[in-house]
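Participant: Between the sequences and the hints, there should be enough to build the whole structure, so can you do that?
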Amino acid sequence: MTTPPEAGAGVREWLGDLLEPVFADEPPLGDAIAAVFRRAERQRRRRARIVLAAGAAVVVLTTAIGYALATVLPPTGGTGLGARPTRIPATRPDPAQAVLASALRASGLRIVPHEPARGDGWRQYLVRTASGRPYGLVDVSVYAAPAALCFPVLAEPDACARPEHASKDVEYARYAFDRDVNWQVNEVIARRVPDGRALAVQATGERGTGTAGLGRPPLTARLAARVASDPRLLAAFDAAERCNGPERACPVLQVPVPVPD
Amino acid sequence: MRSEDDEALHAFVVSRYPRLRRSAFLMCGDWPIADEVTQDTLARLVRDRRRGHAPDPDGYAWAELMHALTHRPGRREHVFVAAPGSAGGDPETVLVLDALHRLAPRCRAVLVLRHWDGRTVAETADVLGLSDERAAAYEVAGLGALDRLRGGAEPAIT
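Protein chains in written order, with the numbering used here: chain A, 39 to 299; chain B, 53 to 210.
Just so you know, not all the hints are guaranteed correct.
[Unchecked claim] Quick partial rundown of chain A residues pointing at chain B, CB under 8 angstroms, derived from the structure:
(1) 66
(2) 70
(3) 214
(4) 258
(5) 259
(6) 298
[What the hints assert, rightly or not] The calculated lysine to any residue pairs, modelled on SDA-like cross-linking and capped at a C-alpha distance of 20 angstroms, are:
(7) 206(A) to 119(B)
(8) 206(A) to 107(B)
(9) 206(A) to 108(B)
(10) 206(A) to 188(A)
[Said to hold, decoys possible] Covered stretches of chain A, going by a simulated chain B footprint (3 or more residues, C-beta under 8 angstroms):
(11) 166 to 175
(12) 181 to 188
Hints are computed from structural coordinates only; laboratory data are not their basis. Here the structure is a predicted model, which is why all the values come from computation and not from measurement. Cβ coordinates follow ideal geometry from the N, Cα and C atoms, glycine included.
Facilitator: Following this line, the structure appears as structure tokens:
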């Protein structure tokens with residue numbers, strides 16, 4: 039039996055050399071490449087059907103609620119006490135929630151608005167497992183960011199981190215807090231260069247579980263970065279929305295976004 | 053007739069499929085499952101790229117593949133059995149594969165990405181959604197456990 043080297047580049051050759059003969063038995067690819075594209079087409083059609091079905095369901099539900107309210111509620115006059123027009127809640131889907139739901143779908147997690155669910159420049163969501171167990175919170179907030187945003191460095195308050203780039207237009211920095219298993223947080227600050235807006239996505243694991251696994255944030259740092267860089271998430275906010283002022287009811291971030299008030 | 057983007061996607065799938073499938077095989081020890089997961093991963097990549105998402109196709113593909121293989125429902129530990137007389141039947145190789153499949157999925161994923169795919173610690177951490185420190189710790193633990201398992205000195209870790 040060969041002895042493994044201690045560490046470093048030698049280990050790679052050692053393990054690689056040992057594994058290489060395994061692939062002598064590798065079956066041929068066959069029509070695997072064509073199968074990939076057939077499967078992609080099936081997935082696209084299935085998704086389109088789901089979207090259509092969901093749209094139809096919303097229409098039916100809205101109609102049913104409208105009909106029920108119109109027939110069950112007594113008519114209100116203009117002179118009675120408390121006579122107000124009945125307002126049917128809007129059923130417009132929340133685009134930010136849709137982006138987050140899409141990112142969480144692979145892990146089987148569900149996301150719903152968490153009251154108070156939204157305000158000027160921020161949204162808050164609760165994440166649950168498929169069985170309904172709470173799995174933490176996701177906060178999304180937007181900011182007007184100056185041209186040279188200083189991405190914070192946790193260890194050095196006066197330093198600026200060198201951001202990563204999701205594309206030529208989007209730069210971001212990510213922060214992970216997992217020392218305390220009862221309060222684990224993944225946060226990403228992303229800035230869209232062309233329009234000078236920044237967005238923070240903070241995923242907080244369920245607090246006080248006592249275990250690292252159960253208290254893990256619903257978004258990994260990688261997934262949070264992917265979500266924060268997704269142009270649809272920023273587009274989910276109106277252009278005038280921002281969390282720059284200290285008086286606003288915006289999320290309290292583990293790493294505040296250093297923008298002017 | 054395919055568009056230019058589709059041509060590029062097709063070329064990407066053709067070039068990455070074999071490598072992804074081999075990584076998947078090292079993760080699961082089963083060629084049909086490796087094929088299934090690889091095809092599903094690349095199909096989702098194709099679908100998402102056509103919708104204008106997944107700006108980093110390599111990162112996307114490996115991250116999705118590893119996520120699928122480290123979170124498989126009803127996962128069972130797999131003991132590799134090579135075909136009789138095949139090169140894969142070399143006792144040393146069988147021993148290493150068997151030990152690899154006894155490691156915890158994340159440890160195994162780190163070793164496959166680092167020592168088979170040749171990624172750096174930072175790239176490995178990014179693919180698996182871990183901090184660099186944690187990926188490095190998994191690597192040290194995985195190599196140590198792998199060596200012990202090959203020697204049969206300790207029971208398998210799960």
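Participant: Work down the list of hints and note, for each, if the structure agrees.
Facilitator: Hints versus structure:
Hint status for residue 66(A): violated, given a least beta-carbon distance of 10 angstroms to chain B, over 8 angstroms. At about 6 angstroms, the closest approach between the beta carbon of residue 70(A) and any beta carbon in chain B falls short of 8 angstroms, and the interface hint on this residue holds. The beta carbon of residue 214(A) is positioned within 8 angstroms of a beta carbon in chain B (closest approach about 5 angstroms), and the interface hint is therefore held. Proximity of residue 258(A) to chain B holds as hinted, the smallest CB-CB distance being about 3 angstroms (cut-off 8 angstroms).
Evaluation of the residue 259(A) hint against chain B yields a held restraint, the C-beta minimum of about 6 angstroms falling below 8 angstroms. With a least beta-carbon distance of about 30 angstroms to chain B, the hint placing residue 298(A) at the interface is violated under the 8 angstroms criterion. The hinted pair formed by residue 206(A) and residue 119(B) fails the criterion: a straight-line CA distance of about 27 angstroms is larger than 20 angstroms. A distance of roughly 11 angstroms separates the Cα atoms of residue 206(A) and residue 107(B); the hinted pair therefore holds under the 20 angstroms criterion.
Note on residue 206(A) and residue 108(B): the hinted pairing holds, with a Cα-Cα distance of about 12 angstroms set against a maximum of 20 angstroms. Of the supplied pair hints, the one linking residue 206(A) and residue 188(A) holds, its CA atoms being roughly 18 angstroms apart against a limit of 20 angstroms. For the segment 166 to 175 of chain A, the stated coverage by chain B is violated: 0 residues have a C-beta nearer than 8 angstroms to a C-beta of that chain, whereas at least 3 were required. Counting residues of the segment 181 to 188 of chain A whose C-beta sits closer than 8 angstroms to any C-beta of chain B gives 0, which falls short of three, so the coverage hint is violated.
The earlier numbered hints that this structure contradicts are 1, 6, 7, 11 and 12.
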